[in-house]
Amino acid sequence: MAPWGCGGEPAPKVKKSQEDEGPSAADNVKFELPPPPDFDEGKVAEKWEDGAWSIYGLRKELEENVKIGDAGQEIELKGFVQDIYEPPVCPEGEKCPVGKQPHIWITDKADEKGKKRAMMVVGYRFTIPDYDAKRWEKVPDVVFEKGKQYTFKGKFKRFSDQGFADARGLLDFTYYKAIDPTTGTEGWIAPKAAAWHPIELLRVEEEQRKLVEKVNKGNKKGK
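Counted the way our numbering counts, the sequence shown spans residues 8 to 230.
Any given hint could turn out to be false.
[To be verified] Restricting the straight-line Cα-Cα distance to at most 27 Å, the calculated cross-link-like pairs of lysine-lysine (BS3-like) are:
1) Lys120 <-> Lys153
2) Lys217 <-> Lys227
3) Lys120 <-> Lys50
4) Lys141 <-> Lys184
5) Lys85 <-> Lys153
6) Lys155 <-> Lys107
7) Lys123 <-> Lys50
8) Lys107 <-> Lys160
9) Lys50 <-> Lys74
10) Lys184 <-> Lys120
11) Lys153 <-> Lys116
12) Lys160 <-> Lys145
13) Lys54 <-> Lys141
14) Lys184 <-> Lys122
15) Lys67 <-> Lys123
16) Lys123 <-> Lys155
17) Lys74 <-> Lys54
18) Lys120 <-> Lys155
These are calculated hints, taken from the structure and not from any lab test.
Quantities reported herein were computed from a predicted structural model and do not represent experimental measurements.
Please model the complete structure; the sequences and the hints are all you need to start from.
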């Protein structure tokens, strides 16, 4: 039945133009869904060919590996230096907040951007008092270059001895592999003034030896 207009007369039919009957702009709209997440993004081998851990490998079994680090066991880790922390410059005459302790960020891939999969390496710089500076002046220091790959030795933990923290785990540094400028050979280099540095260990050993000798002499005199 045709629709009726006012006064009982049938309503006139409205003829659609070709433009009206053709496809509308809405018909050409395409809805594109975002690509599915790449669950393998950032995935690498758990260990390198030389047996050193990758960051991915350490974090894959996060809880287990953190327990090992907290127990004091060292691991070897290899990574590319992505970023080196530099304290902000304080203008002369102004009081500025104390900068953070030295630390670097490393990644599994040389071209990795952002800190999402990066890991902090901390605890590789110690303050040397003026009276002890001469003892360390010819000792190789720990020096990093951005973009270069290094093999590190340290403890994988959530909380470092110097106060750094990361829920995903960080490396509390003890050594790294580098060329010793005095010998020209590659070896494990410890930070200057670190309690575990060979020079410091020798000093402590010598002090203990002298103390034992002193005690033994005292015991002989008392007899």
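Exercise. Take a quick look at whether Lys107 and Lys160 sit within 27 Å of each other, Cα to Cα.
Key: At roughly 22 Å apart (the allowed maximum being 27 Å), Lys160 and Lys107 satisfy the hint.
Quiz prompt | Satisfaction of hint between Lys184 and Lys141, Cα-Cα up to 27 Å | solution = 24 Å, holds
Practice problem: Decide if the proposed pair is consistent with the structure: Lys217 and Lys227, CA atoms, cutoff 27 Å inclusive. | Solution: The hint holds at about 15 Å.
Quiz item: Has the given pair, Lys123 with Lys50, been kept, meaning a C-alpha gap of at most 27 Å?
Solution: 13 Å, holds
Practice problem: Take the C-alpha atoms of Lys67 and Lys123, compute the straight-line distance between them, and say whether it is at most 27 Å. | Solution: 14 Å, holds
Quiz item: Quick one, are Lys123 and Lys155 close enough, alpha carbons at most 27 Å?
Solution: Holds, at about 19 Å.
Quiz item: If you draw a straight line from the CA of Lys184 to the CA of Lys120, is it 27 Å or shorter?
Solution: Roughly 25 Å between the alpha carbons, so the hint for Lys184 and Lys120 holds.
Practice problem: Quickly compare the C-alpha distance for Lys54 and Lys141 to 27 Å and report which way the hint goes. | Solution: 40 Å, violated
Quiz item: When you check the alpha-carbon spacing of Lys74 and Lys54, does it fall within 27 Å?
Solution: With Cα atoms ~19 Å apart, Lys74 and Lys54 stay inside 27 Å; holds.
Exercise. For the pair supplied as a hint, Lys153 and Lys116, confirm whether the alpha-carbon distance does not exceed 27 Å.
Key: Holds - the C-alpha atoms of Lys116 and Lys153 are around 13 Å apart, at most 27 Å.
Quiz item: Between Lys120 and Lys155, is the straight-line Cα distance small enough, at 27 Å or below?
Solution: OK: Lys120 and Lys155 at ~15 Å, within 27 Å.
Practice problem: Please work out if Lys184 and Lys122 have their alpha carbons no farther apart than 27 Å. | Solution: It holds: about 24 Å lies between the C-alpha atoms, which stays within 27 Å.
The structure fails hint 13 only (numbered hints given earlier).
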